[in-house]
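2 protein chains.
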Amino acid sequence: MKWCRFQSGKTAACGIIKGETVVEVDGSPFESYTETRKIFPLEAVKLLVPVIPPTFYAAGLNYREHATVIAKKRGEEPTFPTQADVGYRANNALIAHNEPIVIPKDASELVQYEGELVAVIGKRCRRVSEDRALDYVFGYTIGNDVSERTWQRNDRTLWRAKNTDTFKPMGPWIVTGLYPDDLHVTIRLNEGIVGEYDVGSAIFGVRQLISRMSQYLTLHPGDILWMGTDGNTENMEDGDVVEVEISEIGVLRNPVIRER
Amino acid sequence: MKWCRFQSGKTAACGIIKGETVVEVDGSPFESYTETRKIFPLEAVKLLVPVIPPTFYAAGLNYREHATVIAKKRGEEPTFPTQADVGYRANNALIAHNEPIVIPKDASELVQYEGELVAVIGKRCRRVSEDRALDYVFGYTIGNDVSERTWQRNDRTLWRAKNTDTFKPMGPWIVTGLYPDDLHVTIRLNEGIVGEYDVGSAIFGVRQLISRMSQYLTLHPGDILWMGTDGNTENMEDGDVVEVEISEIGVLRNPVIRER
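Protein chains in written order, with my numbering: chain A, -17 to 242; chain B, -17 to 242.
Just chain A, same shape as in the assembly (with noise of 0.2 Å):
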């Protein structure tokens, strides 16, 4: 199933997307919904960001190759996390599918992209095992980590690098039923493919970051999980078109515009 969240009138509404159309929902996907006979062209319809999570998780460092050429990139010698410790995203960052990254004036030419899967959690889950976890995903998403370089490096928190305003595109929309180590990652700048690499090569996979967060923590309804991204990333500049594509998911798109 493919499930949006889109503007009807005034206010959102959830959405489940059959073909070309989108068939408006009453309620929610994580608790009860009944389909509504209002029934759109999804060309038609203005995407919101799928889910606006009660926390927002990310893995941060969690392929090999993006820690590697990271640190060649500062003279450094990569290290890789030894155990799954999870980080946080901001809601005010979240942006939807086809609206556009502003970067700001006093921004370094260092804004980046890092395309990456997100999962959603989909029911409460505390202290499961990591042969179970995947059964609390309620599905996955497609997310752009952008991150200002040297605000990452030289800032105490991330919080400017990556969680300026417009910094945390989502979407386009959550694809049940897959399981997240057989999907990939291609990442498009201005049409040009710019990185691409299987999901299932993280340091830390979907099951073993919900197994460990969930010994101390209780995930929710419509958290979401960020995953990190691989490889080299590149600046992005005004007039930029930034794409992820995640196999069996689509395409998150978004402009890129500077302030000026």
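If you're looking for bench data, these hints aren't it; they were derived computationally from the structure.
Treat identical chains as interchangeable: a pair holds within one or across any two.
Simulated crosslink set (DSS-like; lysine-lysine; CA at most 30 Å straight-line):
hint: 1; residue 1: 28; residue 2: 0
hint: 2; residue 1: 28; residue 2: 105
hint: 3; residue 1: 105; residue 2: -8
hint: 4; residue 1: -16; residue 2: 28
hint: 5; residue 1: 105; residue 2: 87
hint: 6; residue 1: 20; residue 2: 105
Model the placement of chain B on the given structure of chain A, informed by the hints.
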């Protein structure tokens, strides 16, 4: 005005505290609301976390004595933040006044309180000056930024150290119309005073933080900003009771339990 959230039958409701009673309200303090005719004795209601924030900000290291004490324990020279780089905490960890802080089995004995002021945002806010920043605060409440120091020191992020379930007591209510720099914090462990300080001695005040944050991000109604603590902090053990009192707000009280 004193605002709370409380359990009303099976659901949560907002209320206004008047003397020793709670007046149930339809709506929320951040939008429109009307007082209902349902009035309860304050001592008879179960208070809930006074707001569930869209984004949960925390200033982290923001007082000189606390930074000095922490550095000394590590055998390091203290370093003070030179700019207001805000961090994050997570909603899963929030508990209300009177609810127990539960220390996991595998935590060290270094589980410590950090009593602090919490500013609650009332209006959407982007690029405000320091002079105008307090206009966007709805009111103030109290937080206890419970921290496991070995995890804080050794994990790659603060996820377990700061955000284990129950590690973020907040409440008991939100008080409007206060001037933050006038407030005084007193922390008691089992009724003995273990710390006190003036909010106004922060390295970065509420005004500075909100203004700076808002240069890059949009603050939303209900977002919360925890201001950091000052002074030494001590271990809490099974059976302890920790209280954070802030003048003109009240007392946030939580018992402590260690899992067996």
